[in-house]
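Listed in order, the protein sequences are those of chains A and B. Oh and the first sequence: position 54 is 54 in full-length UniProt numbering, straight run, nothing missing. Oh and the second sequence: position 424 is 424 in full-length UniProt numbering, straight run, nothing missing.
Keep in mind that the hints were calculated from the coordinates and are not lab data. No experiment lies behind these values; they were computed from the predicted model shown. Treat each hint with caution, since some may be false.
Identical chains blur together in the list; that is why a pair holds if it fits in one copy or across any two.
Subject to a maximum C-alpha distance of 27 Å in a straight line, what follows is the list of computed DSS-like cross-link-like pairs (lysine-lysine) [what the hints assert, rightly or not]:
#	residue 1	residue 2
1	41	9
2	35	438
3	41	79
4	70	441
5	153	9
6	438	153
7	35	441
8	153	76
9	76	438
10	441	79
11	79	438
12	438	9
13	164	76
14	438	164
15	70	164
16	164	441
17	9	76
18	438	41
Protein chains: 2
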Amino acid sequence: MSSAEEIAKSAKVAFEDSQLIPSAERVNALRHIHKALEFNKAEILSANREDLQAAQIEVDAGRMSDSLLKRLHLDKGDKWDSMLQGVLDVADLPDPTGIVSYAKELDDGLELYRVSCPIGVLLIIFEARPEVVVNIAALAIKSGNSAILKGGKESNRTTQLLSKAIAAGLSQSSLPETYVQTIQTRAEVSSLLALDHYIDLVIPRGSNSLVQNIQNNTRIPVMGHADGLCSVYLDESANVDKAVRVVLDSKTDYPSACNSTETVIVHESLLHSVWPVVGRALLEANVRLLCDAPTLSALTSLSPAPPNLSLAAPSTPASYTTEHLALTLSVLALPSLPAAIRFINAHSSHHTDCIVAESQLAASAFCRGVDSAGTFVNASTRFADGFRYGFGTEVGISTGRIHARGPVGLEGLVIYKYMLRSTDGRGHVVSDFGAGGKRYKHTDIVAASVPF
Amino acid sequence: MSSAEEIAKSAKVAFEDSQLIPSAERVNALRHIHKALEFNKAEILSANREDLQAAQIEVDAGRMSDSLLKRLHLDKGDKWDSMLQGVLDVADLPDPTGIVSYAKELDDGLELYRVSCPIGVLLIIFEARPEVVVNIAALAIKSGNSAILKGGKESNRTTQLLSKAIAAGLSQSSLPETYVQTIQTRAEVSSLLALDHYIDLVIPRGSNSLVQNIQNNTRIPVMGHADGLCSVYLDESANVDKAVRVVLDSKTDYPSACNSTETVIVHESLLHSVWPVVGRALLEANVRLLCDAPTLSALTSLSPAPPNLSLAAPSTPASYTTEHLALTLSVLALPSLPAAIRFINAHSSHHTDCIVAESQLAASAFCRGVDSAGTFVNASTRFADGFRYGFGTEVGISTGRIHARGPVGLEGLVIYKYMLRSTDGRGHVVSDFGAGGKRYKHTDIVAASVPF
Numbered sequence: 001m002s003s004a005e006e007i008a009k010s011a012k013v014a015f016e017d018s019q020l021i022p023s024a025e026r027v028n029a030l031r032h033i034h035k036a037l038e039f040n041k042a043e044i045l046s047a048n049r050e051d052l053q054a055a056q057i058e059v060d061a062g063r064m065s066d067s068l069l070k071r072l073h074l075d076k077g078d079k080w081d082s083m084l085q086g087v088l089d090v091a092d093l094p095d096p097t098g099i100v101s102y103a104k105e106l107d108d109g110l111e112l113y114r115v116s117c118p119i120g121v122l123l124i125i126f127e128a129r130p131e132v133v134v135n136i137a138a139l140a141i142k143s144g145n146s147a148i149l150k151g152g153k154e155s156n157r158t159t160q161l162l163s164k165a166i167a168a169g170l171s172q173s174s175l176p177e178t179y180v181q182t183i184q185t186r187a188e189v190s191s192l193l194a195l196d197h198y199i200d201l202v203i204p205r206g207s208n209s210l211v212q213n214i215q216n217n218t219r220i221p222v223m224g225h226a227d228g229l230c231s232v233y234l235d236e237s238a239n240v241d242k243a244v245r246v247v248l249d250s251k252t253d254y255p256s257a258c259n260s261t262e263t264v265i266v267h268e269s270l271l272h273s274v275w276p277v278v279g280r281a282l283l284e285a286n287v288r289l290l291c292d293a294p295t296l297s298a299l300t301s302l303s304p305a306p307p308n309l310s311l312a313a314p315s316t317p318a319s320y321t322t323e324h325l326a327l328t329l330s331v332l333a334l335p336s337l338p339a340a341i342r343f344i345n346a347h348s349s350h351h352t353d354c355i356v357a358e359s360q361l362a363a364s365a366f367c368r369g370v371d372s373a374g375t376f377v378n379a380s381t382r383f384a385d386g387f388r389y390g391f392g393t394e395v396g397i398s399t400g401r402i403h404a405r406g407p408v409g410l411e412g413l414v415i416y417k418y419m420l421r422s423t424d425g426r427g428h429v430v431s432d433f434g435a436g437g438k439r440y441k442h443t444d445i446v447a448a449s450v451p452f
Numbered sequence: 001m002s003s004a005e006e007i008a009k010s011a012k013v014a015f016e017d018s019q020l021i022p023s024a025e026r027v028n029a030l031r032h033i034h035k036a037l038e039f040n041k042a043e044i045l046s047a048n049r050e051d052l053q054a055a056q057i058e059v060d061a062g063r064m065s066d067s068l069l070k071r072l073h074l075d076k077g078d079k080w081d082s083m084l085q086g087v088l089d090v091a092d093l094p095d096p097t098g099i100v101s102y103a104k105e106l107d108d109g110l111e112l113y114r115v116s117c118p119i120g121v122l123l124i125i126f127e128a129r130p131e132v133v134v135n136i137a138a139l140a141i142k143s144g145n146s147a148i149l150k151g152g153k154e155s156n157r158t159t160q161l162l163s164k165a166i167a168a169g170l171s172q173s174s175l176p177e178t179y180v181q182t183i184q185t186r187a188e189v190s191s192l193l194a195l196d197h198y199i200d201l202v203i204p205r206g207s208n209s210l211v212q213n214i215q216n217n218t219r220i221p222v223m224g225h226a227d228g229l230c231s232v233y234l235d236e237s238a239n240v241d242k243a244v245r246v247v248l249d250s251k252t253d254y255p256s257a258c259n260s261t262e263t264v265i266v267h268e269s270l271l272h273s274v275w276p277v278v279g280r281a282l283l284e285a286n287v288r289l290l291c292d293a294p295t296l297s298a299l300t301s302l303s304p305a306p307p308n309l310s311l312a313a314p315s316t317p318a319s320y321t322t323e324h325l326a327l328t329l330s331v332l333a334l335p336s337l338p339a340a341i342r343f344i345n346a347h348s349s350h351h352t353d354c355i356v357a358e359s360q361l362a363a364s365a366f367c368r369g370v371d372s373a374g375t376f377v378n379a380s381t382r383f384a385d386g387f388r389y390g391f392g393t394e395v396g397i398s399t400g401r402i403h404a405r406g407p408v409g410l411e412g413l414v415i416y417k418y419m420l421r422s423t424d425g426r427g428h429v430v431s432d433f434g435a436g437g438k439r440y441k442h443t444d445i446v447a448a449s450v451p452f
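Modelling step: build the complete structure from the supplied sequences, incorporating the hints.
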């Protein structure tokens, strides 16, 4: 048996064995992991400094970007403290398992319960930021899944020690030792992607190419967190002040986030009213504008000329399919709401799109017609986030349409099973039903949890 | 653009356009499809007779099984009538879309709604039975998805006319003409499996090899309905009469169904009490028994000898991983409930497994410890079925653990989106929140549907 197969098999066994351990023990494990991290803080941050030194050499040699290096840094601002607080926050969230979502009496003394349960073994692959190993391990443990984690090689020293602390915390609980395992190499990932018998879900967190590469190389389901090509549409009924506020926040609050806006669509009727005010505010905020001919000429013909007008330039077709992740915005004018909906459906990544409109009718049509995980009215696309939605934390933001869509909280890491119990004196068989026999009752049972 | 790409693109456009058509129109389309089927009954059944004649030649030549030929037959018993009734039944089911499952006020005048919606474009591939084209088209239309259907080549003439009737019915509604399309060739399927930009979910209904082949050849999510390796465990606390009734029904009610039982596990303490009674009943019912040494010797040492004792034979390791789909049952003895749970988790297809037990503790441990879509107590595995569960109808039975598990009803064909609305006078932006700013409220909103 290969090493990858041993890892996968022991993860499956750990998952199966954990199903008979009370869920309170998962909370217990999280508290011990919190303590182990605290206890080993100095050692972990020292390893992180080594990772940073190695990364600085790569940056100096032009082989690594400065932004990647920054993401490695674990001892910056409140990053360490919030990572630790996150473990306790997840521990305190409501248990997502054991919840009954459907319950029927099929016959006298025959009760059916659909009850939430963990998915099984998760393979989680992420890049750069080492604190993700702790966040994701906490979510997996809380939801009752076992996990195999693979971080980026740049943060190897840090994640090894974080994993050691996780293992130390787990060993203080009655959960199996192999409940959370860490792997180091891409070769191991490749081998694991073939083991659909043991691994139930792959969660890649990183670039679009990482997600697609994994989707192309496994038949295990993939919950992808890929790119965010979000847009704001300024409807003919748009209020100018809301348009300025929403567009500016959507673009400039945190340009490298996936829920930042990359495209603004202007209704043609606004070219010489709302658009110049919005455009001027964007230029003042140093946003580079890639405009189609009508929106560009509306800006260049303004008098007095807006500041930073040199930041406005003609767009190309590629502008509207590019995730800029920077202070750059693609702009175009369209003649109608239906045209805007069609454009967004064809060009967006189905992440989050917003309409600025006073018309309720337009808002309603936009929210239904735009096929994205989030459809917003007069609100910044930046609201698309698990914490802001009230989930406490998030696994990521899914642009898929199966299982979980949009910001994914703990609910995205569970599925359900059906428990059926016969309580009569004879046991239940289907041959008693049908032509000439019994009929199914299908009456509702009120139950928050399974009574056996 | 290839023909497959045109089909996929027009399915996507049809789906997107349909999002602004009221859901009542989907019900209207189903009623027209019902009429069109009725109107064209003679022509359709005549085409079905041609398919049957062609199939008979294949059967006579030994190139097709008799059971496959039987599945082609549309004018047998109440098959035609129940197919038609099914269309009306699906039309009358509650609308699975537009249902709010999470609603929060994030701030004064900022409302978030998570609302169920269709997945998008479904590619559905099935074998043999022509009525499936009508069942599945009805489910797709009712849930608001557009669909591309591919039937087995054996039923080509029949499914072509069924598809024509579906198109005729659709044309009487305001839904797009390309809402449901049918394709004929495997080459088209191969091309479509590459078009993840347009197709959102593949649903193969058929053999395990069909499902695996598709999973290996696409990065589109697959909702697989593969094999059913179900088992019944006779606990040491089992009641003998329940054991006989449940095992017999699970094995003999419909042996070729995926929810039939293939393996019986006997607690060692029952080898000379409950097992001989169950074994005798199975042999009387002409069930071939593939037994391990202890369960076989318990039968052969009986006096008087049971009837049909020659049907009992030694098992091999392969017996316990085989879906017999016939009056054949694999049997083994194990020393404990934990051993039985481990055996089932390692050998079953995670479909449906049953414990026969009087002990509540044993039943509870079994239901939690066995990692299958259905875990049953004193009830036949044959109950694992969408109609019996009360879903009205089913898309199939999923042995996956993502999105939908077990019998899949209309709920399995929907996902959700998040609609966020700002109703204050300024529009909402995230930069107003956080350090020194506003705090998120996250108060519950009571709403069954989205109020805009």
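Going through the hints against the structure:
no.	hint	result
1	41 x 9	neither (32 Å within a copy, 54 Å between copies)
2	35 x 438	neither (58 Å within a copy, 32 Å between copies)
3	41 x 79	within (13 Å within a copy, 69 Å between copies)
4	70 x 441	neither (61 Å within a copy, 32 Å between copies)
5	153 x 9	within (24 Å within a copy, 40 Å between copies)
6	438 x 153	neither (63 Å within a copy, 39 Å between copies)
7	35 x 441	neither (52 Å within a copy, 31 Å between copies)
8	153 x 76	within (20 Å within a copy, 63 Å between copies)
9	76 x 438	between (68 Å within a copy, 25 Å between copies)
10	441 x 79	between (56 Å within a copy, 24 Å between copies)
11	79 x 438	between (63 Å within a copy, 22 Å between copies)
12	438 x 9	neither (45 Å within a copy, 48 Å between copies)
13	164 x 76	within (22 Å within a copy, 65 Å between copies)
14	438 x 164	neither (58 Å within a copy, 38 Å between copies)
15	70 x 164	within (23 Å within a copy, 60 Å between copies)
16	164 x 441	neither (54 Å within a copy, 37 Å between copies)
17	9 x 76	neither (38 Å within a copy, 48 Å between copies)
18	438 x 41	neither (65 Å within a copy, 33 Å between copies)
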